[in-house]
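Each chain, letter by letter, is given below.
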Amino acid sequence: MAFQVTIGNTGATIACSGDQRILHAAVGAGVDYPYGCATGNCAACISELRAGEVSMLPYSDNALSEVQRTEGKILACRAQPLSDVEVIWLGRGRK
Amino acid sequence: MSKRRTQACETLLRRARTIVDAEGTGEAALAKIKDLLVRLANRGEALFPRGAFAMPVAQGRNHVLALEGGDGMGLYLTIGLPGKEAAPHDHGIWCVNAAISGHEVHKFYRRTDDAARDGYATVEAVGEVMVAPGQGMAMGDHAIHATEVLGDVPAIGLALYGYALARFPSVVWFHSEFTSVRAMPSRRAA
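Chains A and B are the protein sequences, given in the same order.
The working numbering applies: residue 1 is where the first sequence begins, and numbers increase by one.
The working numbering applies: residue 1 is where the second sequence begins, and numbers increase by one.
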């Protein structure tokens, strides 16, 4: 099932299936979403989940703390949508 | 940390330093260090009891075991839960791993483009090693590897790096699905 992902930084809305990661859907759609490892280790893609729900694939403790998670932060490279969502990336992006 | 564990870890660092100072960090030298690390990891629960190291809150966590002074080597106990992975990356410095329990596959890659385009890279797989109890792996400076914890139990192991994690020169990540490369800045000045 495909969900709509709105990326607040650019205003773009893209399609992302429930088994796809938000980062991968965004990059595939041509969005210059910031990322580094893309596997839950570096936190370059740390984002705020402004609306909707996601599930998270495995990631490192030092990439996203429990406190950050409860504050609504996610790693876009590990997040799979469970509904339509809105996210905003918090990193600086690529230099 | 128990005195016995501290002594064993510091002894490992001293022996590794002796090898590096005498032989450098070529394949033969790193193989000797790997053998030392495998022997240390083989002491298992007796030296590294599960209860002494907090499990990850998420799925991956490192515990410092011993650090050299003078910007030197770092020895860690690493814990990865099933499914924990890392994309192909070059962390700039050699490392050696040995398993205490569980299975972690290390896949090795070679960059195949000419690095002429900013942010663009292609890599190809050139081999893999399963790090499981009794086994380890060694890789030199600027080798590219990816990791994944396989099976349904945590992969717990020892990792020795040429620099402490917080002092890595940089980490460069490769993504075949994006044909991209991304360099994470050094934290050495931090």
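Keep in mind the hints are simulated off the structure, nothing from the lab.
A portion of the hints provided could be inaccurate.
[Said to hold, decoys possible] Each pair of labels, with its calculated beta carbon distance range:
hint : chain 1 : residue 1 : chain 2 : residue 2 : range
1    : B       : G24       : A       : E53       : 51 to 59 Å
2    : A       : N9        : B       : N42       : 31 to 39 Å
3    : B       : E23       : A       : S55       : 24 to 32 Å
4    : B       : M55       : A       : E53       : 20 to 28 Å
5    : A       : Q4        : B       : E128      : 50 to 58 Å
6    : A       : M1        : B       : A54       : 35 to 43 Å
7    : B       : T6        : A       : T13       : 35 to 43 Å
8    : B       : G151      : A       : E53       : 46 to 54 Å
9    : B       : D152      : A       : G52       : 26 to 34 Å
[As the list claims (entries may be wrong)] List time: in silico SDA-like cross-link candidates among lysine to any residue, alpha-carbon distance up to 25 Å:
hint : chain 1 : residue 1 : chain 2 : residue 2
10   : B       : K32       : B       : K107
11   : B       : K107      : B       : S170
12   : A       : K73       : B       : A166
13   : A       : K73       : B       : P82
All residues carry an ideal CB built from backbone N, CA and C; glycine is no exception.
inquiry  = 51 to 59 Å was suggested as the range; check whether the CB atoms of G24 (chain B) and E53 (chain A) agree with it.
reply    = holds (52 Å)
Is 31 to 39 Å right for how far apart the beta carbons of N9 (chain A) and N42 (chain B) are?
This hint is violated: roughly 50 Å between Cβ atoms.
M55 (chain B) and E53 (chain A), beta-carbon distance inside 20 to 28 Å? holds (26 Å)
| said: Just to be careful, I want the Cα atoms of K73 (chain A) and A166 (chain B) compared with a cutoff of 25 Å; is the pair within it? | reply: Holds, because 23 Å separates the two Cα atoms, which is no more than 25 Å.
Notebook entry, point to check: Is the gap between the beta carbons of Q4 (chain A) and E128 (chain B) within 50 to 58 Å?
Noted result: violated (38 Å)
- Using the Cβ atoms, figure out if E23 (chain B) sits within 24 to 32 Å of S55 (chain A). Given range 24 to 32 Å: violated, Cβ gap about 48 Å.
- prompt: Taking the CB of T6 (chain B) and the CB of T13 (chain A), does the distance hold inside 35 to 43 Å?
  reply: violated (55 Å)
Mind checking the alpha carbons of K32 (chain B) and K107 (chain B) for me, to see if they're no more than 25 Å apart?
Satisfied, since the Cα-Cα distance of roughly 21 Å is no more than 25 Å.
Check your understanding: Does S170 (chain B) lie within 25 Å of K107 (chain B) when you go C-alpha to C-alpha?
Key -> holds (20 Å)
**Message:** Taking the Cβ atom of M1 (chain A) and the Cβ atom of A54 (chain B), is their distance within the range 35 to 43 Å?
**Reply:** holds (37 Å)
Margin query: Given the hinted pair K73 (chain A) and P82 (chain B), is their Cα-Cα distance within 25 Å?
Written below: Given pair K73 (chain A), P82 (chain B) holds - Cα atoms ~23 Å apart, limit 25 Å.
Is the hinted range of 26 to 34 Å satisfied by the C-beta distance from D152 (chain B) to G52 (chain A)?
Holds, at about 30 Å.
The structure does not agree with the numbered hints 2, 3, 5, 7, 8 stated previously, though it agrees with the rest.
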